[in-house]
Amino acid sequence: MPTAGDPELDTPTLALLWAARETGLLRALLREPGGAPEAADAAGVTERAATIVVDTLVDLGFLHRMDDGVEPTNRALGLLATRDLRSVGTTPAALDRFGAYAELPRTMQTGVPPMEPDDGLRHRLGAVEATDDATVDATVEAALAAAPDAERALVIADGPGPHARALAERGLDVTLLDGAVEAEAVEPLLSGTSVTVRAASLADVATTFDLVLSVDAAWRASPDENRFTVAAAAETVAPGGAAVLVEPLGDRSPAAPRVATAALATGTGRPYDEAEVTAWFEGAGLVAVETADVPGTPYQAVAGRREE
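Residue numbers (full-length UniProt numbering): 1 to 308.
The hints are simulated quantities; they were obtained by calculation from the structure and are not laboratory data.
Possibly wrong hints are sitting among the right ones.
So the derived label-pair ranges between C-beta atoms look like this [as the list claims (entries may be wrong)]: (1) A134 x G240: 25 to 31 Å; (2) E22 x R170: 21 to 27 Å; (3) D149 x S194: 17 to 23 Å; (4) R65 x G283: 31 to 37 Å; (5) H64 x G267: 34 to 40 Å; (6) G192 x E103: 35 to 41 Å; (7) D251 x E22: 23 to 29 Å; (8) G283 x E71: 55 to 61 Å; (9) G24 x E282: 50 to 56 Å; (10) A288 x I52: 52 to 58 Å.
Since this is a predicted model, take the numbers as computed values, not measurements.
Glycine is no exception: its CB is placed at the ideal position from the N, C-alpha and C atoms.
Construct all of the structure, not just a fragment, from the sequences and the given hints.
Put into structure tokens, the structure is as follows:
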């Protein structure tokens with residue numbers, strides 16, 4: 001899941017790359033000719049610091065050495081630009097999140113997380129797009145287990161739509177619902193697919209669907225926001241259909257501690273226990289609420305059905 005970050009980058013490495021980005025050293029190395037000495041001068045850091053960062057980026061495959069310095073590799077595309085969400089990968093979002101962690105003392109005092117970086121939205125969308133196929137497939141299969149005969153699906157806030165596309169590939173008529181800014185960002189990526197992108201509030205959806213799916217979103221929102229979302233989702237579920245939330249539950253997921261830290265650093269939510277999520281479903285009039293682990297992931301699928 002996107003919350004896992006880049007498994008190849010441990011905390012010290014993230015700290016180094018984040019500091020290089022914040023000082024401008026990373027930009028100098030990726031965009032300017034030359035090597036460590038030239039980049040150090042451009043960024044105003046010591047040559048020793050630039051040399052260590054260069055060695056690290058070469059070891060990680062972001063740079064390769066040339067006779068006259070270094071140049072970026074294909075892996076560095078996501079650090080250079082965010083136009084194509086397929087090239088962004090998970091590292092930029094992981095660096096944004098590390099920056100938010102560095103601000104945790106202030107956030108804990110004020111209750112206000114730091115502002116997202118200018119490219120933060122595209123970084124997050126790129127990280128969602130980089131979700132591995134096995135995880136997407138397991139998530140979609142868990143959702144379809146709750147509505148095996150579904151023909152029409154609504155996927156909420158799925159970024160560039162990996163789960164929406166996977167459902168469409170299984171023959172469903174799929175609509176992806178998100179905010180206007182997000183929809184505009186992802187529409188070029190989805191224009192060649194059968195997924196319909198709609199920029200609207202869930203409360204404004206007048207049609208019904210056999211399956212309504214939300215992945216990795218509830219922990220980012222407050223309890224009141226989640227109760228509203230589940231209630232609105234329940235209104236869009238056709239009789240006999242199901243609403244499904246795929247989340248790291250606080251009392252079931254091994255990912256809960258790191259997700260709780262990310263929630264504190266970046267937003268208003270937290271991992272919610274199974275009983276809390278079940279209460280949202282039951283309060284929205286959904287029945288036969290069940291929870292199942294999503295195989296191969298640290299997430300759980302909570303599903304509730306609308307009576308026929």
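Each hint, compared with the structure:
no., hint, verdict
1, A134 x G240: 25 to 31 Å, "30 Å, holds"
2, E22 x R170: 21 to 27 Å, "43 Å, violated"
3, D149 x S194: 17 to 23 Å, "19 Å, holds"
4, R65 x G283: 31 to 37 Å, "60 Å, violated"
5, H64 x G267: 34 to 40 Å, "37 Å, holds"
6, G192 x E103: 35 to 41 Å, "39 Å, holds"
7, D251 x E22: 23 to 29 Å, "37 Å, violated"
8, G283 x E71: 55 to 61 Å, "57 Å, holds"
9, G24 x E282: 50 to 56 Å, "52 Å, holds"
10, A288 x I52: 52 to 58 Å, "57 Å, holds"
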